[in-house]
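**Q** Here is how the chains run, residue by residue.
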Amino acid sequence: AQSVTQLGSHVSVSEGALVLLRCNYSSSVPPYLFWYVQYPNQGLQLLLKYTTGATLVKGINGFEAEFKKSETSFHLTKPSAHMSDAAEYFCAVNIPSNAGKSTFGDGTTLTVKP
Amino acid sequence: DTGVSQDPRHKITKRGQNVTFRCDPISEHNRLYWYRQTLGQGPEFLTYFQNEAQLEKSRLLSDRFSAERPKGSFSTLEIQRTEQGDSAMYLCASSLETGTGGYGYTFGSGTRLTVV
Numbered sequence: 001a002q003s004v005t006q007l008g009s010h011v012s013v014s015e016g017a018l019v020l021l022r023c024n025y026s027s028s029v030p031p032y033l034f035w036y037v038q039y040p041n042q043g044l045q046l047l048l049k050y051t052t053g054a055t056l057v058k059g060i061n062g063f064e065a066e067f068k069k070s071e072t073s074f075h076l077t078k079p080s081a082h083m084s085d086a087a088e089y090f091c092a093v094n095i096p097s098n099a100g101k102s103t104f105g106d107g108t109t110l111t112v113k114p
Numbered sequence: 001d002t003g004v005s006q007d008p009r010h011k012i013t014k015r016g017q018n019v020t021f022r023c024d025p026i027s028e029h030n031r032l033y034w035y036r037q038t039l040g041q042g043p044e045f046l047t048y049f050q051n052e053a054q055l056e057k058s059r060l061l062s063d064r065f066s067a068e069r070p071k072g073s074f075s076t077l078e079i080q081r082t083e084q085g086d087s088a089m090y091l092c093a094s095s096l097e098t099g100t101g102g103y104g105y106t107f108g109s110g111t112r113l114t115v116v
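Protein chains in written order, with our numbering: chain A, 1 to 114; chain B, 1 to 116.
Hints listed in this document are in silico derivations from the structure and should not be mistaken for laboratory results.
Here a beta-carbon is modelled for each residue, glycine too, at the ideal position from N, C-alpha and C.
Keep in mind that the hints are not guaranteed to be accurate.
Stated by the list, open to error - Dumping the calculated DSS-like pairs for lysine-lysine here, alpha-carbon to alpha-carbon at most 27 angstroms:
no., chain 1, residue 1, chain 2, residue 2
1, A, K69, A, K49
2, A, K101, B, K71
3, A, K113, A, K101
4, A, K69, A, K101
5, B, K71, A, K49
6, A, K101, B, K57
Stated by the list, open to error - A few chain A residues facing chain B, derived, Cβ under 8 angstroms:
no., residue
7, Y32
8, Y39
9, Q42
10, T51
11, G53
12, A54
13, N94
14, A99
15, S102
16, D106
Said to hold, decoys possible - Chain B is faced by these chain A residues, among others (derived, beta-carbon under 8 angstroms):
no., residue
17, G16
18, R22
19, F63
20, T77
21, F90
22, G100
23, F104
24, G105
25, G107
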């Protein structure tokens with residue numbers, strides 16, 4: 001079975017600072033990995049995904065993530081935080097044989113201070 | 001493309017009552033998923049459909065829960081004899097999945113159920 005651990009349920013950064021949200025996964029086979037963002041009172045929105053190929057993937061709103069197989073990690077980064085980035089972020093893993101079913105982490109709430 | 005719609009947005013019900021939620025996916029998406037999210041946790045898989053066929057159900061889905069997707073269009077999730085532990089956000093997602101799960105989801109805004 002696969003699992004996801006998001007280190008840090010709350011992360012606070014200053015506007016303009018680097019954003020780093022950590023995600024580690026466990027999987028018996030090469031996984032597909034996703035980051036979603038959830039704004040208050042809204043559904044989750046896909047930020048970016050890794051399936052195969054280039055391990056550094058770019059997503060919407062200036063976010064990117066790097067798949068590191070040796071570290072079983074898929075950390076999300078953004079060079080410069082904006083106030084509008086304040087939201088909850090979820091990392092998710094799919095096992096290719098599981099027909100698109102995702103296992104989600106418990107989320108990290110990002111606060112951006114002015 | 002109007003996105004994934006869920007109705008109602010909020011539902012308050014008394015314990016023991018039945019409730020039904022509706023999800024309208026993106027029309028060209030062939031897969032539809034139901035997830036449940038409780039406070040402080042990520043979404044947990046409940047069930048999914050490929051077109052009109054329900055292909056998998058989680059152990060979380062007791063016999064009080066039933067889901068349908070008639071004609072492969074909208075889907076309904078019914079909870080019978082609700083319990084306080086059913087209070088959660090119920091999320092619907094759809095996907096144009098042609099392979100082994102790498103497409104990603106489009107989520108609706110969810111239905112928040114409160115059982116009193």
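**Q** Next, verify each hint and record whether it holds.
**A** Hint-by-hint comparison with the structure:
no.	hint	in the structure
1	A:K69 - A:K49	holds (15 angstroms)
2	A:K101 - B:K71	holds (22 angstroms)
3	A:K113 - A:K101	violated (35 angstroms)
4	A:K69 - A:K101	holds (21 angstroms)
5	B:K71 - A:K49	violated (30 angstroms)
6	A:K101 - B:K57	holds (11 angstroms)
7	Y32	holds (5 angstroms)
8	Y39	violated (10 angstroms)
9	Q42	holds (6 angstroms)
10	T51	holds (4 angstroms)
11	G53	violated (11 angstroms)
12	A54	violated (14 angstroms)
13	N94	holds (4 angstroms)
14	A99	holds (6 angstroms)
15	S102	holds (7 angstroms)
16	D106	holds (5 angstroms)
17	G16	violated (29 angstroms)
18	R22	violated (15 angstroms)
19	F63	violated (14 angstroms)
20	T77	violated (19 angstroms)
21	F90	holds (5 angstroms)
22	G100	holds (4 angstroms)
23	F104	holds (3 angstroms)
24	G105	holds (5 angstroms)
25	G107	holds (5 angstroms)
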